[in-house]
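Order-wise, the sequence lines are chains C and W.
Here our numbering is used: the first residue of the first sequence is 1, the next is one more, and so on.
Here our numbering is used: the first residue of the second sequence is 1, the next is one more, and so on.
Heads up, some of the hints might be wrong.
[Unchecked claim] Below, simulated DSBU-like cross-link-like pairs (lysine-lysine); rule was C-alpha separation at most 30 Å, straight line:
{"#": "1", "chain 1": "C", "residue 1": "K223", "chain 2": "C", "residue 2": "K104"}
{"#": "2", "chain 1": "C", "residue 1": "K539", "chain 2": "W", "residue 2": "K10"}
{"#": "3", "chain 1": "C", "residue 1": "K539", "chain 2": "W", "residue 2": "K101"}
{"#": "4", "chain 1": "W", "residue 1": "K22", "chain 2": "C", "residue 2": "K539"}
{"#": "5", "chain 1": "C", "residue 1": "K186", "chain 2": "C", "residue 2": "K111"}
{"#": "6", "chain 1": "W", "residue 1": "K96", "chain 2": "C", "residue 2": "K530"}
{"#": "7", "chain 1": "C", "residue 1": "K700", "chain 2": "W", "residue 2": "K66"}
{"#": "8", "chain 1": "W", "residue 1": "K111", "chain 2": "C", "residue 2": "K628"}
{"#": "9", "chain 1": "W", "residue 1": "K120", "chain 2": "W", "residue 2": "K101"}
{"#": "10", "chain 1": "W", "residue 1": "K10", "chain 2": "C", "residue 2": "K626"}
{"#": "11", "chain 1": "W", "residue 1": "K93", "chain 2": "C", "residue 2": "K653"}
{"#": "12", "chain 1": "C", "residue 1": "K657", "chain 2": "W", "residue 2": "K118"}
{"#": "13", "chain 1": "C", "residue 1": "K622", "chain 2": "W", "residue 2": "K10"}
{"#": "14", "chain 1": "C", "residue 1": "K45", "chain 2": "C", "residue 2": "K14"}
{"#": "15", "chain 1": "C", "residue 1": "K560", "chain 2": "C", "residue 2": "K529"}
{"#": "16", "chain 1": "C", "residue 1": "K493", "chain 2": "W", "residue 2": "K101"}
{"#": "17", "chain 1": "C", "residue 1": "K291", "chain 2": "C", "residue 2": "K345"}
{"#": "18", "chain 1": "W", "residue 1": "K10", "chain 2": "C", "residue 2": "K529"}
{"#": "19", "chain 1": "C", "residue 1": "K223", "chain 2": "C", "residue 2": "K324"}
{"#": "20", "chain 1": "C", "residue 1": "K493", "chain 2": "W", "residue 2": "K96"}
{"#": "21", "chain 1": "W", "residue 1": "K118", "chain 2": "W", "residue 2": "K70"}
{"#": "22", "chain 1": "W", "residue 1": "K18", "chain 2": "C", "residue 2": "K539"}
{"#": "23", "chain 1": "W", "residue 1": "K93", "chain 2": "C", "residue 2": "K529"}
{"#": "24", "chain 1": "C", "residue 1": "K653", "chain 2": "W", "residue 2": "K18"}
{"#": "25", "chain 1": "C", "residue 1": "K530", "chain 2": "W", "residue 2": "K111"}
{"#": "26", "chain 1": "W", "residue 1": "K111", "chain 2": "W", "residue 2": "K22"}
{"#": "27", "chain 1": "C", "residue 1": "K530", "chain 2": "W", "residue 2": "K22"}
{"#": "28", "chain 1": "W", "residue 1": "K93", "chain 2": "C", "residue 2": "K493"}
{"#": "29", "chain 1": "W", "residue 1": "K111", "chain 2": "C", "residue 2": "K539"}
{"#": "30", "chain 1": "W", "residue 1": "K93", "chain 2": "C", "residue 2": "K485"}
Worth flagging that the hints you see were computed from the coordinates, not collected in a lab.
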Amino acid sequence: MIFDQNGDVCEVNKRCEVIFKLPKGKIKGQSIYNFLLDDDELIFKETISELYQNKEQISKTFGFATLASDAILYVKFDLIYSEERIYAFGIDVTQEHEEHTLLKSLSSLTKTGAWHYDPINDKVYFSDECYHLHDLEPGTSLNMVDALHYYPESSRERVKNYWDNLIDHGISYDYVDQILTKKGKKKWIRVIGEAIKHKDKVIFVNGSFSDITDQQNYIEQLKHNEETKKLALKGIRSGLFDHIIETNMVFYSKDFRRMLGLPLDTDFVPEEAFRKMIHPDDLDEAMERHKINLQKTGYHYFNHYRLKHLDGQYRHYDVYGYRKKDKEGNTIRMIGNLIDVHQKKINERTIAENHRRLTAIVNNSFAYTLLLNTSGEILIADKDSIKIIKRDFGVDPTTTTCRFIDVMPVNFKSTFAHEFNEALKGHTVKKEIERMTIKGSVQWLESKYTPIRDEENTIKSVLVVFHDITEQKTAELAIKEAHIKEQELSNLKSNILSNFSHEIRTPLNGIMTICNMLLLGEENPGDRKKLATYLDESKERLLATINNLSHFSEIETIQKNLNYVEVDMNYTVETSFREYRHFANSKNLEYILKLDENCPAAIIDEDIFSTALNNIIHNSIKYTDKGKVVIKVKNEKKKVIVSIKDSGIGIGKDNLKKIFDPFVQESIGLSRKYEGTGIGLSLSKRYIEILGGKIKVSSKLNQGTKFIITIPKNI
Amino acid sequence: MNILYVEDNKINAMVMNKMLTKNASTVVIAENGPTALEIVKDSALDLILVDINLGLNQMDGCELLKRFKKLDFLKNTPIYAVTAYAMPGDAQKFIKIGFDKYFSKPVNFEKLLAAIAKVKSKMNNQKSEH
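Only chain C is shown next, with the shape it has when bound in the complex (with noise of 0.2 Å):
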């Protein structure tokens, strides 16, 4: 082919007409960029502006499309210069050419360079992808020394070893090390070697490089994977299983084999092999669970059992699955872990068994006992505790957040923060409280609060409880009252001595002053005789004052001579009405008998009943100035009351109980407001109760008494 400086073609033989495919004469006159392909077309132009200025010859192959579009042609050509125009003489290299795109293709893909060196002539040849793997451009200046430098440090010596024994002995190589390309980038790379040999000595090495960091990395990772695996098997105390259905084989991790004894020579076990290293009173649930567990839905899978180790001792473990099913839903594969809970239930029973125990404490130990944050919230009550703040207040501490001062007895709530907060101080404060039960009995309880610290001794929590003291208060409630009550009796004996000494020594005054005056001469008749009369006045209140004293010391006696009578009571008791008569009278006191008319009797010893109901009779008189005093007997089925009213000065209520006692009267200390001995009351007391009578009194003060005497009709 003959073209111009522009690429028109004037002239061309046969045979580029046919690889050309075109008809005879048809290409001469047409330009030569019509057939050349684009990639092409500019390095064609450079070519030719080379050849003009050079004029040498250049050996360059193109690429074009044929006329009939159906295929690529590519002619290597031989272009030579001369006279304004260029000689191509070319040859079909289409074949040739698409070995070499397609090795090319092959090359770029599989990140594979080639090379190969001539050691005669000490020349080496990189392929364009050995360039790109070491981040350079193709046709950079390299030889085995310069390469060598991509190679880490450590590699330089034994890949250089690989290569003298390569080139030296023949000795190939197939080796996978690391580079740092020339951008810096870290590479694993596999470079073989292969020397061709003549008469025992290498003439040729050829070789390849490949770029294998995908794989290298994805072993790596498979080998961390498996090292993950092989790690967390190791450090969790379990068992990671894989349960083939089908075949009923089971995988498990080679430490947990041992640990249970299992064959460690193959990874897979027979189902049935493991089975037997369940506890038997296990195995019938579990296999049920295990049974069940299979077919239901989802894919979860749980059980639990006890088994045996190969020390013989069984431990409580757990067991998680995940099942893999197939279309028709059976489970076909399942992955899953067996987790050692032994130290777990140790625990949850040892924990179970303290509760128990704490239960027993807070239930037993005290009246009540309660355990409450810092907020002063229940956190642990008692049952009885529990029980009455539920009647009391509907709540359930157990289940509900509550507040102890919002379920407490009122009379706790005013002396409870004062304790709380002293406990929140770390004090340890006891206090007595009063509390009413449900039954109106009351209870004392001693409270101690006792604040409870953790580990960093801050206190968390106190510690409530109530002590029940009330059989101790009451003792000493009763100590105290027969301390009270001694010394009443004391005070009792020093009156009856006041008393009794002041009753005697008045008359005796008026007694003795007479002596004194009668002694010293008294003359005229008419005062002597006052005077005598005087004294036997004074006499008969002292005689009176002794006999009293007599009577009430002679009680025993009379008891044991007592005269029973059957009496009736209408007339016994007029004949004492009658007997102070004259007393009334001389007062002006409206003086009142009221019998019955059933005629009551009973069977009584007249004398003494007669004595007590005269002195009460009397009494009445005395104390009443104004008014009436009424006498009242009246019948009853088995007993006969005898009352006595009066409208006088009444007695006070505090006295009232104490006028039975002898020698004391209404007025105890220094103010006697009544005149006496003060024996007269308690001793119609002594005596009704001697016939197997009963004394009552009421009164008011200022508006009167009423005493109630009943006797039984028949003793």
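Use these hints to put chain W onto chain C, whose structure you have.
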């Protein structure tokens, strides 16, 4: 010498009256507290003798003493307790509440008359000073 004797027991009052009259004194008897308080208003008294137990629902001698003490014109008049309360401690008790002297019943007249004589001589001394 004018003496008021507050005493509810008539016999005791009468015999005391006789006894003291013999010793050249004028004795006025009051049976209870209110009467005594009336009497002191109108009479110039040199000495007051008070029984403690003055009977049923009545003002007693101790209360009466309190009332006397409130009266300014009695501030120089000695007031003696004459009573049958004669248990140990009684004497101190009455002195403590303000009685100038205490005499237990039965009355020791020698002592009582001696005390009266002292009052009389003191009275005379005061008169002569004037």
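Tested hints:
1. K223/C to K104/C: Violated, at about 33 Å.
2. K539/C to K10/W: Holds. K539/C to K10/W sits at ~14 Å (cutoff 30 Å).
3. K539/C to K101/W: holds, 28 Å
4. K22/W to K539/C: holds, 24 Å
5. K186/C to K111/C: holds, 15 Å
6. K96/W to K530/C: violated, 38 Å
7. K700/C to K66/W: Answer holds: K700/C to K66/W is near 29 Å, not above 30 Å.
8. K111/W to K628/C: Roughly 47 Å between the alpha carbons, so the hint for K111/W and K628/C is violated.
9. K120/W to K101/W: At roughly 15 Å apart (the allowed maximum being 30 Å), K101/W and K120/W satisfy the hint.
10. K10/W to K626/C: holds, 22 Å
11. K93/W to K653/C: holds, 27 Å
12. K657/C to K118/W: This hinted pair is violated, its Cα atoms lying about 48 Å apart.
13. K622/C to K10/W: This hinted pair holds, its Cα atoms lying about 17 Å apart.
14. K45/C to K14/C: holds, 25 Å
15. K560/C to K529/C: Violated: K560/C and K529/C sit about 45 Å apart, past 30 Å.
16. K493/C to K101/W: holds, 28 Å
17. K291/C to K345/C: holds, 24 Å
18. K10/W to K529/C: Cα-Cα ~16 Å, so holds.
19. K223/C to K324/C: OK: K223/C and K324/C at ~26 Å, within 30 Å.
20. K493/C to K96/W: Answer holds: K493/C to K96/W is near 24 Å, not above 30 Å.
21. K118/W to K70/W: holds, 25 Å
22. K18/W to K539/C: Distance ~19 Å between K18/W and K539/C Cα, so the pair holds.
23. K93/W to K529/C: Outside the cut-off at roughly 39 Å; violated.
24. K653/C to K18/W: violated, 43 Å
25. K530/C to K111/W: At roughly 26 Å apart (the allowed maximum being 30 Å), K111/W and K530/C satisfy the hint.
26. K111/W to K22/W: holds, 16 Å
27. K530/C to K22/W: Measuring from Cα to Cα gives roughly 16 Å; hence the hint holds.
28. K93/W to K493/C: holds, 19 Å
29. K111/W to K539/C: holds, 25 Å
30. K93/W to K485/C: The hint holds at about 25 Å.
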